[in-house]
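Following the hints, complete the assembly by docking chain B onto the known chain A.
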Amino acid sequence: NAGVTQTPKFRVLKTGQSMTLLCAQDMNHEYMYWYRQDPGMGLRLIHYSVGEGTTAKGEVPDGYNVSRLKKQNFLLGLESAAPSQTSVYFCASSQMGLAGSDTQYFGPGTRLTVL
Amino acid sequence: AQSVTQLGSHVSVSEGALVLLRCNYSSSVPPYLFWYVQYPNQGLQLLLKYTTGATLVKGINGFEAEFKKSETSFHLTKPSAHMSDAAEYFCAAKILTGGGNKLTFGTGTQLKVEL
Chain A
3 NAGVTQTPKF RVLKTGQSMT LLCAQDMNHE YMYWYRQDPG MGLRLIHYSV GEGTTAKGEV
63 PDGYNVSRLK KQNFLLGLES AAPSQTSVYF CASSQMGLAG SDTQYFGPGT RLTVL
Chain B
63 AQSVTQLGSH VSVSEGALVL LRCNYSSSVP PYLFWYVQYP NQGLQLLLKY TTGATLVKGI
123 NGFEAEFKKS ETSFHLTKPS AHMSDAAEYF CAAKILTGGG NKLTFGTGTQ LKVEL
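Each protein sequence line maps, in turn, to chains A and B.
FYI, in my numbering the residues of the first sequence are 3 to 117.
FYI, in my numbering the residues of the second sequence are 63 to 177.
Hints were generated in silico from the structure; no laboratory data involved.
Watch out, some of these pointers could steer you wrong.
Here are the in silico distance ranges between beta carbons for each label pair [what the hints assert, rightly or not]:
(1) T113/B with L24/A: 25 to 35 angstroms
(2) N67/A with T117/B: 39 to 49 angstroms
(3) S132/B with K73/A: 41 to 51 angstroms
(4) Y101/B with R46/A: 14 to 24 angstroms
No residue lacks a Cβ here, since even glycine has one placed at the ideal position from N, Cα and C.
Looking at chain B on its own, in the form it has when it is part of the complex:
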C-alpha cells in the first residue's frame, strides 16, 4: 500500500528565510504528487502538482517542489518566507487503481513564520 510521510509536524522559519517542507512517498509505481495548503478554519487549496514531465514544478505563491524518483521525495520549497505563508501544508499521493482516484495524504506540517 502506498503511504506518504511528512518529516516534521511543525517547522518554524524566520521571515525571509528559506522554507523547506519534506515529503516522501512509498510506492512501487511513481505516483502523481500534490501539495495542498490549509489556512486556519479553511479547506485545502492546491499549491502545485506533479504528474509527468518536468520534475521541478512551480506553484502558486512562489512555492515549488521537485520530484526525485531515486529518493522517492517531493519536497516543497520557497526561497523567502512571508508571514502570510503560515499555514498547514499537506503532501498527497495518488496512484491510479481500478478502484478509482484516491489521494493518500501525509499527516501535515504546520509552518510558523516568525519576524
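Here chain A stands alone, though its shape is the one from the complex:
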C-alpha cells in the first residue's frame, strides 16, 4: 500500500515549456486535490476532483489544467510554464469528501523550478 505517490520528484523547466505532474493513489479514494506550497503562504488549492471524470477549480487555478480519467490518477498540467509557477506541488486524496471528518492524505511533493 503505497498511499499517494507523485511523479516526478523534481523538475526544472524553461519559461513557456509544458509539463504534466502525475498523482496516483491506491486507497480507492473518491476525492483528489492539487495544492501548491509557497514560503509564508501555506498550501493553496489549485484544482480538485470529486470523482472519476470530474474536476473543479480551487483557489488558484489560473495557468493549470487537470484531468481525472481514472479514479486512481489525477494529472496536473502546465501548458506554458511561468516563473511564478515555481513552487512545491502536493497531491492529496480523501475518501468521503462531504463527510467532513475524513482525512486528506498527502503525497511527498514535486519541486518545480521555472527559469
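Just chain B now, kept in the frame of chain A:
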C-alpha cells in the same frame, strides 16, 4: 470566507520544554479542524483532528489540541519537546459546503528544538 491564522511563523523551544503552537480560525460555523506536520522534504502528515465531541483531541507523537469555540482557537501543545519534533506545522480548517471538501490552511509554524 473562512480563514486560518497561525501566530508566529517561527517558534523555538528547548528540548524538554512545553510546545505551544497557536491556531485561530474565522468562521461563522464551527469547522472541522486539523493539525498537520511536515518534515523536511516530505509531504504533510496528519497529527490530529477535531470533528465533534470531546474538545481535547490527542494525536500522534504526544501532541494534543483543544478546540475552544468561544476563542475560535485550536492550539497545539506537547508537554515536553523532543529534537525529532523539529518540523513545520500547519493548522487547517474545513467547513462543509456544497462545493466539496476543501481545507483552508494556515501559513505554517516552523518549530525549532534546541539542546
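Now the hints, each set against the structure:
1. One distance hint, 25 to 35 angstroms for the beta-carbon pair T113/B and L24/A, holds here, with the actual separation near 31 angstroms.
2. Roughly 42 angstroms separates the CB atoms of N67/A and T117/B, a value that falls within the hinted 39 to 49 angstroms.
3. Between S132/B and K73/A the Cβ separation comes to about 42 angstroms, which falls inside the hinted range of 41 to 51 angstroms.
4. Distance hint check: the CB atoms of Y101/B and R46/A are about 21 angstroms apart, consistent with the given range 14 to 24 angstroms.
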